[in-house]
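Q: Single-letter residue listing:
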Amino acid sequence: MTRPGFVLEVDDRTPPLVVHEGLGFRLESFPLGTRVVYPPESLPTVPDVEAAIRDALLHPEDSAPLPELLFAGMRLTIAFDDLSLPLPSMKAPDIRGRIIEQVLTLAAEAGVDDVEIVAANALHRRMTAAELRHIVGERVFRSFYPQGLLYNFDAEDRDNLAHLGTTDHGEDIEISKRAAESDLLVYVNVNLVAMDGGHKSVGIGLASYKSLRHHHNPKTMVQSRSFMDHKKSAMHHSAWRIGRVIKDHVKVFQIETTLDNDVFPKPFDFFQKREWEWGVRDQGSMLAAKRGLAVAPQKLRHKLFHDMRSAYGLTGISAGEVEAVHEKTLERVHRQQVVEVQGQSDVLVLGVPYLGPYNVNSSMNPILATCMGLGYYFNSYRHQPVVRRGGAVILYHPLNEGFNQLHHPSYVDFYEEVLAESTDPAVIGEKYEQQFAEDEWYRHLYRTSHAYHGVHPFYMWYWAAHAMDHVDEVIWVGADRKVAARLGFRAASTLADALEMASGTVGTSPSITYLHNPPQLLADVR
Amino acid sequence: MMLALEMFRSLPRTVAGKAVGRRLPGILSGYAAPLRLVTLDPPKVDRPGWARLRTRLSGICGSDLGALSGQTSLYFSAVVSLPFVPGHEVVAELVEDCEDLPAGTRVVVDPVLTCAARGVEPCEGCASGATNRCSRITVGHLSPGLQTGFCKDTGGGWGQQLAAHRSQLHPVPEGYSDEQAILIEPMACAVHTALRAGVRENDRVLVSGAGSVGLFATFALRRLTAAGEIVVVAKHAHQREFAQEFGATEVVAPGEVLRRVRRSTGAFQVQPEFSSPYLLGGVDVAVDAVGSSQSLETALQATRAGGRVVLSGMPAPADLSAAWFRELEVVGTYASARHEPLLSGPYAGRSAFDVATELVGHDAVARLAKSVAAYPLHRWREALDHAHSAGRLGTVKVAFDPRSSQ
Ligand SMILES: [Zn+2]
Ligand SMILES: [Zn+2]
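One line per chain: the protein sequences are A and B, in this order.
All residue numbers for the first sequence refer to the working numbering, where the first residue is 607 and numbers rise by one.
All residue numbers for the second sequence refer to the working numbering, where the first residue is 4 and numbers rise by one.
I should point out that these hints are in silico values taken from the structure, not numbers from a laboratory.
All values reported here derive from a predicted model rather than from experimental measurement.
Ideal Cβ placement from N, Cα and C applies to all residues, glycine included.
Honestly, I wouldn't trust all of these hints.
[To be verified] The calculated label-pair distances, taken between Cβ atoms and stated as ranges, are:
no., chain 1, residue 1, chain 2, residue 2, range
1, B, S278, A, H1050, 20 to 28 Å
2, B, G335, A, E1046, 27 to 35 Å
3, B, Q274, A, Q829, 51 to 59 Å
4, A, G1113, B, E385, 53 to 61 Å
5, A, H1050, B, E385, 51 to 59 Å
6, A, G1094, B, W327, 44 to 52 Å
7, B, L345, A, Q829, 25 to 33 Å
[To be verified] Straight-line Cα separation of at most 25 Å, SDA-like style, residue types lysine to any residue; simulated pairs:
no., chain 1, residue 1, chain 2, residue 2
8, B, K238, A, A917
9, A, K1037, B, F271
10, A, K1088, B, E253
[Stated by the list, open to error] Non-contacting residues of chain B with respect to chain A, defined by C-beta distances greater than 10 Å in every case (computed):
no., residue
11, G269
12, Q272
13, E332
14, A351
15, G364
So here's chain A without its partners, still in its complex pose (with noise of 0.2 Å):
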């Protein structure tokens, strides 16, 4: 039976813990008090990942099984999840991969010859091959890349765009022409987090700037209340909205998976571990991480962190019907993630670590780590956030990486002339994100390089939007001061520092919480 996840009350004998800050971690001792959210330990895994594939396709949920959607003849598309899933990557082979192939066994024996399989990035950076690669496996990416059945989702090529009409909201829906022009359009999902997935693959996945600003914008996230929860997320509402409009054109057979909590694979599995109950060989493995991390070059520590390759287990799949299909993913997220908490407190603790969707091989800039930290972290919560309307956030980064030109050229000019003008997402929206989006440089950039398109450091910010309306202060500890001032927050040395600092507004005595993730936690806060 696995542990649930738990809040531990700091008390005299509870030992440093863990915090991660990017490309490094420290053992920081909290005020007697401070509740420490642990997440669950990992659920027990599906035992023939094959088989529960298998499975899943030909027992689907409110549909057909798929070798009835399957005819000679017919034009079919496999769309998946791009790298931003699932976080380390996975250790090959990849899910996706094993679900497209058995996707395309069943394919063949139906007879059918056009398939194309794209990858659904939306405004993320192209993948490399090799990226491509590592998540369709080998055989499948030799048989489909080198003759161009095998590609990135272009959101500015616009002769492969489909207007299909718009909500009763206005709302415009603009995907894939292949997809949308397909007899079926089969999507695999890696969800992580109880945001992904849904009509959230398909409506935001395949789809352009035209039909993303509708819920990518500063109002909408501000709205979200939490992104983790789509019955209360405004961005959500307008993904519901669109996907079913999506539904009454093309036939989508959804496929979701669920992963286990096993996302540090040796020696860097202590992380994982409650640090009480590290043993000898956690501590050793942890102060050699320690010291080698302390000696080591940044480059050096980013490749190492970057290289890691985690072992997930599958917690089940299921297939069919969208919505049905993410009502059984939306249990197993919960069940592997949510943890009850009582009550808001005035501060939240979060460490932000090295990783996050948008820097998969690149590296985490300070918008990128506000993002994780302010979006993703601060967003882990279903009812009321952690932390009580007015009170303070404080993250752990050193917001140093600086800025990958390759991958994030509009977050530079961005970071530059945006954020020195204005923090307030409102206020940059309103006066540069069109500008950004439609810059001719970074379309070229987007669709010919590996870079993120030109609106995306715009999404990142909003992001933040809610956390940032949310409390009254938000305080970086070992963070690079300039860079935080830049970003409109405060920098502190250490803990104490930032609760000093934080004391005008939460008082000298606050109570204080810490989401002790990475593993992903879900708050569910009472």
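Place chain B with the ligands on chain A using the hints.
A: Same frame as chain A, now just chain B with the ligands:
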């Protein structure tokens, strides 16, 4: 007898200045500068139209510093006559009547020593009013010297007295402070620069540099042309503020120029090997108001094909590939003209000095005038150091006040 700073010929010092000049201003104003404080007979030019003036204030210009540090191209050695008293940004009062101007009149000096001043038949330039293009600056009844402040016969503003010709004199309106008046000459150059820039309606303009040259050019561009966006490159906080007040749409740091211009013009950027990136596309007009090779190259790299790059101030050698490949018009802009043919509207038919005098009356310029730092002649080393680091020290203009002894 009078006190003056004199620039003399000293090859060793010229060489030393060249070697360390821009990098070590302290050494420049120490042993290396070919400058000395001397007692001289007041200059006198015994020709019709000439009169003696008493200096009230005289600015230190980038070209003065260039000459002193040996940075100036040898090109100019043929058009100056040593030893001379520098100082071509001059506000002074007439010691004697000068044609229609009575003694005591406060004037600013248009430093260009044209055919009229030299007492020769007007050359083609002078005849058409393009006095800054005069081709007789080495002949006539004066020693060679392109301007007052570079000619051994006329003296210059860095001395207590100088001589000037009626054609050079522009009375200062009542109510202007000397500090304001000292800005008229540099503003006249800026007026000329703005006109040479050939800006069409809504053109995007880049001004590289926010010292006095860049700031005044910005001011003149904003007031005399229909420029759209004007992006100014500034290093220091006070420059940023002035640039905005003077009409910049955007002020950017040197490291950000290309990025900002690329973004605001929708240009593409390319990265050559072992060298700095440049734009395909960019601003319509760029003004180099620094004269360093870096600033000039920035201007060249940020200008769209077929655009115009204006050299305001003596340029350092730079890579001109862009001028060829992008078919840029590279135009120089030197001093100012008696007759600025491109002036339109209320300014049509007026001289650059006339227009400059009016512009200097503007509040923003008056505020800048308040920051003018004046030194007595004997503190010349300090003054030059200050002028050299003016940007860093929060000053836009440093000047000599030869009347003062402290
Ligand atoms: Zn000058
Ligand atoms: Zn002439």
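Q: Each hint should be assessed against the structure and marked as holding or not.
A: Each hint, compared with the structure:
1. Here the CB-CB span from S278 of chain B to H1050 of chain A is close to 21 Å, well matched to the stated 20 to 28 Å.
2. Judged by the Cβ atoms, the range 27 to 35 Å given for G335 of chain B and E1046 of chain A holds: they are separated by roughly 34 Å.
3. Distance hint for Q274 of chain B and Q829 of chain A: a CB-CB separation of about 42 Å, inconsistent with the stated range 51 to 59 Å.
4. About 54 Å separates the C-beta atoms of G1113 of chain A and E385 of chain B, a value consistent with the hinted range of 53 to 61 Å.
5. Checked against the hint of 51 to 59 Å, the pair H1050 of chain A and E385 of chain B passes, with Cβ atoms roughly 53 Å apart.
6. Range check, G1094 of chain A to W327 of chain B: about 45 Å between beta-carbon atoms, so the 44 to 52 Å window is met.
7. Roughly 56 Å separates the CB atoms of L345 of chain B and Q829 of chain A, a value that falls outside the hinted 25 to 33 Å.
8. With a CA separation close to 52 Å, the supplied pair K238 of chain B and A917 of chain A exceeds the 25 Å bound.
9. A distance of roughly 22 Å separates the Cα atoms of K1037 of chain A and F271 of chain B; the hinted pair therefore holds under the 25 Å criterion.
10. A distance of roughly 22 Å separates the Cα atoms of K1088 of chain A and E253 of chain B; the hinted pair therefore holds under the 25 Å criterion.
11. Its closest Cβ contact with chain A, about 5 Å, brings G269 of chain B to no more than 10 Å, contrary to its assignment away from the interface.
12. With a minimum CB-CB distance of about 6 Å to chain A, Q272 of chain B fails to clear the 10 Å threshold, and the non-interface call is violated.
13. Interface exclusion of E332 of chain B from chain A stands, the closest Cβ pair being 25 Å apart, more than 10 Å.
14. With 10 Å as the threshold on Cβ separation, the claim that A351 of chain B sits away from chain A holds: the shortest Cβ distance comes to roughly 38 Å.
15. G364 of chain B, annotated as away from the interface, keeps every beta carbon of chain A farther than 10 Å; the closest lies near 32 Å.
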